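**Q** Fit chain U to the known structure of chain B by using the hints.
In order, the protein sequence lines correspond to chains B and U.
In terms of the working numbering, the first sequence has 4 at position 4, counting the first letter as 1, and numbering is strictly consecutive.
In terms of the working numbering, the second sequence has 141 at position 141, counting the first letter as 1, and numbering is strictly consecutive.
Everything labelled a hint here was simulated from the structure, so no lab data went into it.
Source: prediction; values computed, not measured.
Heads up, a few of these hints could be off.
In the EDC-like style, the derived pairs of lysine to aspartate or glutamate whose C-alpha atoms are separated by at most 20 Å in a straight line are [claimed, not checked]: (1) Lys-94(B) - Asp-116(U); (2) Lys-195(B) - Asp-216(B); (3) Lys-65(U) - Glu-169(B); (4) Lys-195(B) - Glu-108(U); (5) Lys-224(B) - Glu-169(B); (6) Lys-65(U) - Glu-108(U).
Examples of chain B residues lying across from chain U (beta carbon under 8 Å, computed) [stated by the list, open to error]: (7) Met-9; (8) Asp-11; (9) Phe-17; (10) Leu-18; (11) Ala-22; (12) Glu-23; (13) Asp-25; (14) Lys-94; (15) Arg-133; (16) Glu-136; (17) Ile-157; (18) Asp-196; (19) Ala-199; (20) Lys-207; (21) Ile-210.
We treat Cβ as the ideally placed atom computed from N, Cα and C, and that holds for glycine.
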Amino acid sequence: MASNSATAMIDPAIFQFLQSHAEQDIDVNEKLHQITAVLNRQISTAQGYLSRIHSTPTAKIQPLLAQIEKEGIQPAISSIQELGKFASNYPYYKYNQRWSRSVQNLVAVMLVTAWLGGMGSESRPGEQGRLLRIEEIGEILEVPINLTDRDEFHVTIEEYILAMTDLTEELSRLAMNSVTMGDIALTVRISSFIKDLFAGFQLLNLKNDILRRRVDAVKYHVKKVEDVIYDLSLRNLIPGTVGTS
Amino acid sequence: MAEAAILKTQDDDDMAGVKRDYKGNRKETNPGMPKDVVRNEYTDMFESFRDSLDQHHDRRQKIGKVSRDVTALSKKIIFSLQRVRKLNEPIPQNISSEIEKRTKEIKELLATIVDDVAGLRRYQYSMPGIEEFVEAVSFAHYLETQTLITPDQMQAALGDDVPILITPADYVYGIFDLTGEMMRFATAVTALSGAMPSGFMGEEADSGRTILEDLQETSSMLQIVPPIPGKGWKDKKAVMIEQVAKVERVGYGVRVRGNERPKGVGYDFDVGEEKAPVMD
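If we strip away everything but chain B, and leave its shape as in the complex, we get (with noise of 0.2 Å):
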């Protein structure tokens, strides 16, 4: 009887292309553990530097924001061009949950830096109260924003507001320690900032996702902001305010 063995079960294709799907997968995801493993410890830098803002007086932010920049978000910046180089050969979608965290937490790192007066160019020098916009995120991190007609790297509007609920997280803890420091004007500026975003947040309409949760939080921000000022203004201790009663 002849055999049907040419006509084998598994035509050897099958076998190659899974093989080679599955090591290309292999090889991608190792070299971008080698490139997020870097970048991370540089964002850890960068957030440990940050952390000063905290106990840094107003008078002497300046250097500390030109050290966050020099030692946590330049090198961070160029991991980030190294990310997008390598990863846009590859379909964005299947692997940016590797470095997404990463991209929010250094985006909210540059949106803190930027608020108290750092990130500035020569275009632009930076002022205290300045948000970083999307798209000068990404003309600092050189890599595209929000991308819809092209499969590359990029930082998503996800990302970016995730990082902006980490920057009204940071200066509601910062509001309050500003009191310490003696700078109220800062505190009460703080305080019209968050709740000018606030109204902004209130503006998206959320799905039951981790972009809600975390603007959800904003609320609790708000509030704690409110409490020091309510505080302050209890005992007449807001610049302006004083003596209207």
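**A** What follows is chain U alone, placed relative to chain B:
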């Protein structure tokens, strides 16, 4: 007390859910209209984010719905295919026409979301229906040709009108599910015919490749290749190994006890060829 009484008598023909102010007068609400917001320097930015997020959620919902429908249709195709009784032969007319109809429906559904899953969005939204579709198409392909469908053939099955990428993960997880269908087919047909289905079923049952051998080969391949990321490679692999073992026991059973009863016992229960008069 008086106020409470007034509250109850006013507009009591109204439906529940009317918002009222503290005096009990109904409040005007404009559902769907954005709340009046005091605009600040960030309002424009948030509004543009809102638009992007809304588009994203709408798209995800649309894709999810199509995916569920594709899953349901694919399952129906698989049920129909389980009524087939012969391997390596054209699928009977009554079953194949049903499958064609459902396949056409699937393609029409998928054609409505081509743009939504184009380019970088293919990996952004989950579409488990595709995996199910791979299972259905690969099962039909196996029954007809007794070979495993290749990724290229699978992509071709979707046709040029539906340029949606079938990812390596869709393909391989669909093939994992195929082994379950092969097991079901193997046990059912063996029980009915008294022999393990093979390409040469009939007079010389031992001469062709059996479905058991095909299962073993497929299972070996999927154990050799490293995992392709997706949902539950480990679990699917374990289930597959169990399925192969089950068919191995069936194969052993018919070899040992198969001769104790005449082949063909059970053909009366065959629903696959129901009432179809023998034409040849």
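**Q** Next, verify each hint and record whether it holds.
**A** Each hint, compared with the structure:
The straight-line distance between the Cα atoms of Lys-94(B) and Asp-116(U) is roughly 16 Å, inside the 20 Å bound, and the hint therefore holds. In summary, the hint linking Lys-195(B) to Asp-216(B) is supported, as the alpha carbons are separated by about 14 Å, within the 20 Å threshold. For the hint pairing Lys-65(U) with Glu-169(B), the CA-to-CA distance comes to about 37 Å; that exceeds 20 Å, so the pair is violated. Proximity of Lys-195(B) to Glu-108(U) is assessed by CA-CA distance (about 49 Å); at most 20 Å being required, the pair is judged violated.
Restraint check for Lys-224(B) and Glu-169(B): satisfied, since their Cα atoms lie roughly 9 Å apart, inside the 20 Å limit. Between Lys-65(U) and Glu-108(U) the CA atoms are separated by roughly 14 Å; this keeps the pair inside 20 Å, and the hint holds. Annotation: interface hint on Met-9(B) holds; nearest CB of chain U at approximately 4 Å, less than 8 Å. Interface hint at Asp-11(B): satisfied, since its Cβ lies 5 Å from the closest Cβ of chain U, which is below the 8 Å cut-off.
Annotation: Phe-17(B) was flagged as interfacial toward chain U, and the flag holds, the nearest CB pair being 5 Å apart, inside 8 Å. Evaluation of the Leu-18(B) hint against chain U yields a held restraint, the C-beta minimum of about 4 Å falling below 8 Å. Satisfaction of the interface hint for Ala-22(B) is found here, the shortest Cβ-Cβ separation to chain U being roughly 4 Å, below the 8 Å cut-off. With a least beta-carbon distance of about 7 Å to chain U, the hint placing Glu-23(B) at the interface is held under the 8 Å criterion.
The interface hint given for Asp-25(B) is met, as the beta carbon of that residue sits about 6 Å from the closest beta carbon of chain U, less than 8 Å. Look at Lys-94(B): its Cβ gets to within about 4 Å of chain U, closer than 8 Å, so that hint holds up. For Arg-133(B), the suggested interface contact is upheld, since its CB lies about 7 Å from the closest CB of chain U, less than 8 Å. For the restraint placing Glu-136(B) at the interface with chain U, the shortest Cβ-Cβ distance is roughly 12 Å, beyond the 8 Å limit, so the hint is violated.
The interface hint given for Ile-157(B) is met, as the beta carbon of that residue sits about 5 Å from the closest beta carbon of chain U, less than 8 Å. Below 8 Å, beta-carbon pairs count as interface contacts, and Asp-196(B) has one with chain U at about 4 Å; its hint therefore holds. Hint status for Ala-199(B): holds, given a least beta-carbon distance of 6 Å to chain U, under 8 Å. For Lys-207(B), the interface hint holds, the least distance from its beta-carbon to any beta-carbon of chain U being 6 Å, beneath 8 Å.
With a least beta-carbon distance of about 13 Å to chain U, the hint placing Ile-210(B) at the interface is violated under the 8 Å criterion.
Violated hints, in rising order: 3, 4, 16 and 21; the structure is consistent with all others.
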